[in-house]
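Enquirer: From first to last, the protein sequence lines are chains V and G.
So for the first sequence, my numbering puts the first residue at 21; every next one is plus one.
So for the second sequence, my numbering puts the first residue at 43; every next one is plus one.
Hint data in this document are derived by calculation from the structure and do not stem from the laboratory.
One or more hints might be untrue.
[Said to hold, decoys possible] Just the calculated beta-carbon pair ranges, DEER-fashion:
(1) G:ASP56 x V:GLU146: 36 to 46 Å
(2) V:LEU118 x G:GLY71: 32 to 42 Å
(3) G:ARG61 x V:PRO108: 39 to 49 Å
(4) G:LYS125 x V:LYS168: 34 to 44 Å
(5) G:LYS121 x V:LYS119: 40 to 50 Å
(6) V:GLY69 x G:LYS125: 34 to 44 Å
(7) G:GLY71 x V:GLU166: 20 to 30 Å
(8) G:GLY135 x V:GLU91: 18 to 28 Å
(9) V:GLU146 x G:LYS121: 22 to 32 Å
[Claimed, not checked] Reference listing, derived: stretches of chain V covered by chain G, where coverage requires no fewer than 3 residues with Cβ under 8 Å from a Cβ of chain G:
(10) 110 to 122
(11) 160 to 170
[Said to hold, decoys possible] Below, a list of computed lysine-lysine pairs in the DSSO-like style, where the Cα atoms sit at most 30 Å apart:
(12) V:LYS119 x G:LYS118
(13) V:LYS59 x G:LYS96
(14) V:LYS88 x G:LYS48
Glycine included, C-beta positions come from ideal geometry on N, C-alpha and C.
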Amino acid sequence: MDLLRRTVLKGAGASGVLAGLLAAGVLKPTLAYANDWNKAAFEAKDPDGALKALGAEGAAANNALVMKAPEIAENGAVVPIDVTSNIPNTTSIAILVLKNPFPLSSQFEFASGAVGDVSVRLKVAETSIIRAVAKADGKVYSAQKEVKVTVGGCGG
Amino acid sequence: MADPMKIRAQIKGDVCEVRVLMSHPMETGQRKDADGKTVPAHHIQTLTVALNGKTVVSGQTGGSVSRNPVFGFKVKGAKAGDKVAVSWVDNKGDKRTDETTVA
Numbered sequence: 021m022d023l024l025r026r027t028v029l030k031g032a033g034a035s036g037v038l039a040g041l042l043a044a045g046v047l048k049p050t051l052a053y054a055n056d057w058n059k060a061a062f063e064a065k066d067p068d069g070a071l072k073a074l075g076a077e078g079a080a081a082n083n084a085l086v087m088k089a090p091e092i093a094e095n096g097a098v099v100p101i102d103v104t105s106n107i108p109n110t111t112s113i114a115i116l117v118l119k120n121p122f123p124l125s126s127q128f129e130f131a132s133g134a135v136g137d138v139s140v141r142l143k144v145a146e147t148s149i150i151r152a153v154a155k156a157d158g159k160v161y162s163a164q165k166e167v168k169v170t171v172g173g174c175g176g
Numbered sequence: 043m044a045d046p047m048k049i050r051a052q053i054k055g056d057v058c059e060v061r062v063l064m065s066h067p068m069e070t071g072q073r074k075d076a077d078g079k080t081v082p083a084h085h086i087q088t089l090t091v092a093l094n095g096k097t098v099v100s101g102q103t104g105g106s107v108s109r110n111p112v113f114g115f116k117v118k119g120a121k122a123g124d125k126v127a128v129s130w131v132d133n134k135g136d137k138r139t140d141e142t143t144v145a
């Protein structure tokens, strides 16, 4: 009995402190969680699962989505990828490395003036197809390119 | 607290090119150290780019982004002297925000 009472009191005390911090603006929940990490998509072990979690299934290949990637990457730990979307009203671009343990590498959303253009450097575990998936006006488009890796980017 | 980011924002034609270099180990959680122990995941999860306080790009990243990641974005309608702020949060709750002006 006593023990339970103690934990309950402790819990109440801790949450009281938290509420105080919130009020003081030390923790800004809206700012911290406005851009929530899509755990399901990033921890999916197959590309289809990742795309499903992103709500970007059934992408159609489109030439207006251009991906620049090296044909052969000497160092799989740093593979520069450039994705440019010439599709009007592109709202998001996701980049997947199909053969990585977790295929989804990154996802970007664009607003107020940002152009659908992004460059990143990725780790690529082994020779794999890299796929970019863009969303524009509710439709999903994709582009892909194979990158040959001579030295893997994961593990050591 | 992580090291400061290097941010460059330059106007090229009708767009402003923003390039960011972040200083972060970006551990995937897959790698093993010399003793065969798995190195716990430690990577940036979310990042935002804001132009004069207005978010223009919000991104999410997993562990497969390279160590000390470099990102490039393009934004329309930026003028010289505008403020570009970039911030990130990692999976351990560490965060950093840096700012520069458009050149």
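Enquirer: Does each hint hold? Answer for all of them.
Expert: Hint by hint, here is what the structure shows:
| no. | hint | in the structure |
| --- | --- | --- |
| 1 | G:ASP56 x V:GLU146: 36 to 46 Å | holds (40 Å) |
| 2 | V:LEU118 x G:GLY71: 32 to 42 Å | violated (19 Å) |
| 3 | G:ARG61 x V:PRO108: 39 to 49 Å | violated (25 Å) |
| 4 | G:LYS125 x V:LYS168: 34 to 44 Å | holds (42 Å) |
| 5 | G:LYS121 x V:LYS119: 40 to 50 Å | holds (43 Å) |
| 6 | V:GLY69 x G:LYS125: 34 to 44 Å | holds (39 Å) |
| 7 | G:GLY71 x V:GLU166: 20 to 30 Å | holds (26 Å) |
| 8 | G:GLY135 x V:GLU91: 18 to 28 Å | violated (39 Å) |
| 9 | V:GLU146 x G:LYS121: 22 to 32 Å | violated (45 Å) |
| 10 | 110 to 122 | holds (count 4) |
| 11 | 160 to 170 | violated (count 0) |
| 12 | V:LYS119 x G:LYS118 | violated (35 Å) |
| 13 | V:LYS59 x G:LYS96 | holds (25 Å) |
| 14 | V:LYS88 x G:LYS48 | holds (24 Å) |
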